[in-house]
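K.L.:
Model the full assembly from the supplied sequences, consistent with the hints where possible.
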Amino acid sequence: MELKEIIFFILATATVLSGWLVVSLKNIIHSAFALLITFFGVGGLFVYLSADFLAATQILIYVGGVMILVLFAIMLSEKVYNVSIFHASKILPGLLVLGGVQVVLLRVMIESPWRIRAGADSVMRPTTEILGGLLLNEYLLPFEVISVLLLAALIGAVVLIRKEVKRRREGACL
Amino acid sequence: MPETIIPAGYFPIILFFVIALFFGLVTLFFGSLIRPNRPSVEKLSPYECGNPPFMDSRSRVFIRYYLVAVLFVLFDLEAVFLYPWAVVYHKIGMYGLVEMLLFIVILLVGYAYAWRKGALEWD
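Listed in order, the protein sequences are those of chains A and B.
1 is the number of the first residue of the first sequence in my numbering; add one for each residue after it.
1001 is the number of the first residue of the second sequence in my numbering; add one for each residue after it.
Keep in mind that the hints were calculated from the coordinates and are not lab data.
Remember, predicted model here, so these are calculated numbers, not experimental data.
Don't take every hint at face value.
What the hints assert, rightly or not - Dumping the calculated DSS-like pairs for lysine-lysine here, alpha-carbon to alpha-carbon at most 30 Å:
#	chain 1	residue 1	chain 2	residue 2
1	B	K1043	A	K26
2	A	K163	B	K1117
3	B	K1043	A	K79
4	A	K26	A	K79
5	A	K79	A	K90
Stated by the list, open to error - In silico contact screen, one side only, chain A against chain B (beta carbon under 8 Å); selected entries:
#	residue
6	I7
7	V47
8	A56
9	I61
10	G64
11	I68
12	L69
13	F72
14	E78
15	V80
16	L135
17	F143
18	L150
19	V158
20	I161
21	R162
Glycine included, every Cβ here is placed at the ideal spot set by N, Cα and C.
P.N.:
Here it is in structure tokens:
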């Protein structure tokens, strides 16, 4: 086995194992840190697919941003220790959903026309430069619209949370 | 497994992770060999300025801090779009700079709004 395959299997195992830990650990802070490893592992797998922009996005947004949101959500929540998400009554619906998703994934896996390249063309190259060129030339309008979308999300977040804070303050005064 | 070749630029990152991992493990391992190990209840309790802890150190934080986290994620997203731009900057030059400035100015409006509304204040 070559080094890159060993690293791939380490990455894949770490991703799956930590994903399992996320749903099985009792302390949700530990779950959150296991989720961190899952995000990192997925980022590493993106690198293996030569999707370096996706990998950078994964690290910046998920490891850097979404993890912060998750940790803040935990700090805001009341119950942190001894949390169990296992409910005996939900095994059957859970299995049904899982089975459905599996069917869809398998169908996509088998039926998609995967472009498998051979020979000298199989060397995968970094994609960020191509993406950057496309974003700033051909897809300039969508690129600028993204900033408007982010602006809307920003203002929405400020408005929503300020309302919540104000309501709480008034509640505290009464 | 299909033939995938990791871009050579990632080798230093792997090396960095390996060295970081070994640095931590080796330090802990040799530390555990050398240091005396005589635990007692007092030594193992959380240190709180010398006083015995009187309550759970964990408490719920105010919902307002969540806004700071949300704002951080939004500006994080903005930073992601700076990355492909920075990679092609030497090719596009002035044209790209103007486009990116427009992108950032639109977001600065949101920043100014959040600032104006006092969303960044820690009271």
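K.L.:
Work down the list of hints and note, for each, if the structure agrees.
P.N.:
Evaluated hints:
A threshold of 30 Å between alpha carbons decides the hint, and for B/K1043 with A/K26 the separation of about 26 Å falls inside it, so the pair holds. About 12 Å separates the Cα atoms of A/K163 and B/K1117, which keeps this hinted pair within 30 Å; it holds. For the proposed pair B/K1043 and A/K79, the alpha carbon gap of about 28 Å is at most 30 Å, so the pair holds. Of the pairs offered as hints, the one joining A/K26 and A/K79 holds, with about 11 Å between alpha carbons and a cut-off of 30 Å not exceeded.
A threshold of 30 Å between alpha carbons decides the hint, and for A/K79 with A/K90 the separation of about 21 Å falls inside it, so the pair holds. A cut of 8 Å between beta carbons decides the hint on A/I7: the least distance to chain B is about 7 Å, and the hint holds. At its closest, the beta carbon of A/V47 sits 6 Å from a beta carbon of chain B; the interface hint therefore holds under the 8 Å criterion. Hint status for A/A56 relative to chain B: holds, with the closest Cβ pair at about 6 Å, below 8 Å.
At its closest, the beta carbon of A/I61 sits 6 Å from a beta carbon of chain B; the interface hint therefore holds under the 8 Å criterion. Restraint check, A/G64 versus chain B: the minimum CB separation of about 6 Å is within 8 Å; hint holds. Hint status for A/I68: holds, given a least beta-carbon distance of 5 Å to chain B, under 8 Å. For the restraint placing A/L69 at the interface with chain B, the shortest Cβ-Cβ distance is roughly 5 Å, inside the 8 Å limit, so the hint holds.
The beta carbon of A/F72 comes within 4 Å of a beta carbon in chain B, closer than 8 Å, and the hint placing it at the interface holds. Proximity of A/E78 to chain B holds as hinted, the smallest CB-CB distance being about 6 Å (cut-off 8 Å). Because the beta carbon of A/V80 sits about 7 Å from the nearest beta carbon in chain B, less than 8 Å, this interface hint is met. Look at A/L135: its Cβ gets to within about 6 Å of chain B, closer than 8 Å, so that hint holds up.
At a threshold of 8 Å, the smallest CB-CB gap from A/F143 to chain B is about 7 Å, leaving the interface hint in force. At its closest, the beta carbon of A/L150 sits 6 Å from a beta carbon of chain B; the interface hint therefore holds under the 8 Å criterion. Hint status for A/V158: holds, given a least beta-carbon distance of 5 Å to chain B, under 8 Å. The closest approach between the C-beta of A/I161 and any C-beta of chain B is roughly 4 Å, which is under the 8 Å cut-off, so the hint is satisfied.
Annotation: A/R162 was flagged as interfacial toward chain B, and the flag holds, the nearest CB pair being 6 Å apart, inside 8 Å.
In summary, the structure agrees with every hint in the numbered list given earlier.
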